[in-house]
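Colleague: So the protein sequences, as listed, match chains P and G. Residue numbers are given in this note's numbering: position 141 of the first sequence equals residue 141, and the series is strictly consecutive. Residue numbers are given in this note's numbering: position 212 of the second sequence equals residue 212, and the series is strictly consecutive.
Treat the hints with care, since some could be wrong.
Cβ-Cβ distance ranges computed for the label pairs, FRET-style [unchecked claim]:
#1 Thr119(G) x Phe6(P): 37 to 47 Å
#2 Leu90(P) x Ile330(G): 47 to 57 Å
#3 Ile7(G) x Leu97(P): 46 to 56 Å
#4 Ile341(G) x Thr160(P): 30 to 40 Å
#5 Gln130(P) x Asp280(G): 43 to 53 Å
#6 Ile7(G) x Ala19(P): 46 to 56 Å
Think of the hints as simulated: they come from the structure by calculation, not from any bench. Bear in mind the structure is a predicted one, so any value in this text is a computation, not a measurement. Think of the CB as a built atom: it goes at the ideal place given N, C-alpha and C, for glycine as much as any other residue.
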Amino acid sequence: MLALLFILFGGLAIGCALAVVAQRNPLYSAISLIGVFISLACLYVMLAAPFIAAVQVIVYAGAIMVLVVFVIMLLNVEEEEHRRPRLRFLVPAAVVLAGVLIAEVAFILVTVQKSPALPGANTSDVGLTQSVGSALFTQYLLPFEITSILLLMAIVGAMTLARGGGLLPPRRGVNNAASDVASDGANGD
Amino acid sequence: MDSQTAIDIALKFAAITVAFVVVLLVVAYTVLAERRILGFIQGRLGPNRVGPGGLLQPFADLLKFILKEDIVPDKSTRFVYFLAPVVATMAALMTMIVYPFGPEIRIPFTDIVIPLMITHFDIGLLYVLGISSIGVYGIALAGWSSNNKYSLMGGLRASAQMISYELALGLSLIGVILLAGTLDLARIVELQSGWHGLRWFILFHPLGFVVFLIAAIAETNRIPFDLPEAETELVAGFHTEYSAMKFALFFLAEYINMFTVSMLATTLFLGGWNVPFAEDIFGRGTFLFGLVSAIGFLLKVIFFLFLYIWLRGTLPRFRFDQLMNFGWKILLPFALLSIFITATLIFLWPNLF
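Looking at chain P on its own, in the form it has when it is part of the complex (with noise of 0.2 Å):
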């Protein structure tokens, strides 16, 4: 039953991903993507990891690929044209590139199955809540706040960029103070 399920989810996520990178119109490969990550969810449900799953879904489908389908409806991208690539090179680079992709694969596979002591899935609690929870506040807790930090100072340079430079408003007379903020509040939506 379990195998089952994994080759249904595990083809999904496969098909899905060849999908997002045959796909010509970029909102559908935006939507296989999404079809991706939920697949990835379904396997870590499976791989008794429920926290990470329902993270995979919340943090990626629920909120970066929504951005992401906002952008292009947004932009209105049209059809990517099928024309000759320019830069010839690329082609043998992923070529090799692959190759060196799934030799790494085939060396992970052929000594995992060589190592003799396997985790259970469910004597494992590395994907639950509690302890993904305790971990983060207690062992890992400097490298979880420097990543807000970071996280926070990318929201900051975002809005930097987006106001064209220099965080506050340019500074003007005293008169037009009032004017400023008011307007500013309107804008700011």
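Assemble chain G onto chain P, guided by the hints.
Modeller: Frame of chain P; chain G shown alone:
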């Protein structure tokens, strides 16, 4: 697959079917109740011709939806256009399986004990949030694929609104998670069964409940937050180009979302299936106790559904910038404040809860 698993799977299918039929019936009659109650609020009668008191109106509506002509716009993106209503309805229906409709009951004259919920999921609450975040795609894709400016505006507005209010919604739930110490919905309800079934989390986390209620109404795109389908500016918003059964699916998804959000509010804040003093009267685990609890749960959900209709009958619509300001500048800080208050109380008096 041995026989035990087969029986389990068959039982699950039966439970899902029963829950599906019950939810669809409740939804159908919510639509009727909405039309009648709105009628009474506005000083008229509402639909009362089909069947006694209009009770067969939902079936007449369904028949009408099936028989109507199905128009597909010429320049629409065909595949996405068909996909969108399916995604919306599926995301609305899928959250149903984790809610506890009642306690564990023993079937009379046998020793079989069954819980009145479809599946017991450790991270039920996260599952609900995850699936409801998928629901945005139904609306966004519907707006985009229709190839219509009003639809696109409606879809964009709906997605922006749902993303914004999802944040306040999720934050308002953190207080409950702090109080319960678990994400398991069945366990959360169990924890509220003290004090003769009145130890509801709304008593400890009232600000969170208010924030949750407002954010939930915005999440379901209902008045006063129904900007995505504001008739006066956007014709009908994201479903302008949808007709017949595909429109009915969006309609269905909206009302199922109302129903599931009401169930979430009941489960997390109003004690779920806990009916005051029911345990003292009937005793735990009896069939009658289960029945009373399930009816109590349904009544609490119906109260929320009535609240939705009542609000629709009384409140005007927001403007879109007001809506965004309200969500980000008022609701979000209050949600954070509610977390702060609850966390402080738990830290200072851990035994109080």
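Colleague: Can you give the numbers of the hints that this structure goes against, from lowest to highest?
Modeller: 1, 5, 6
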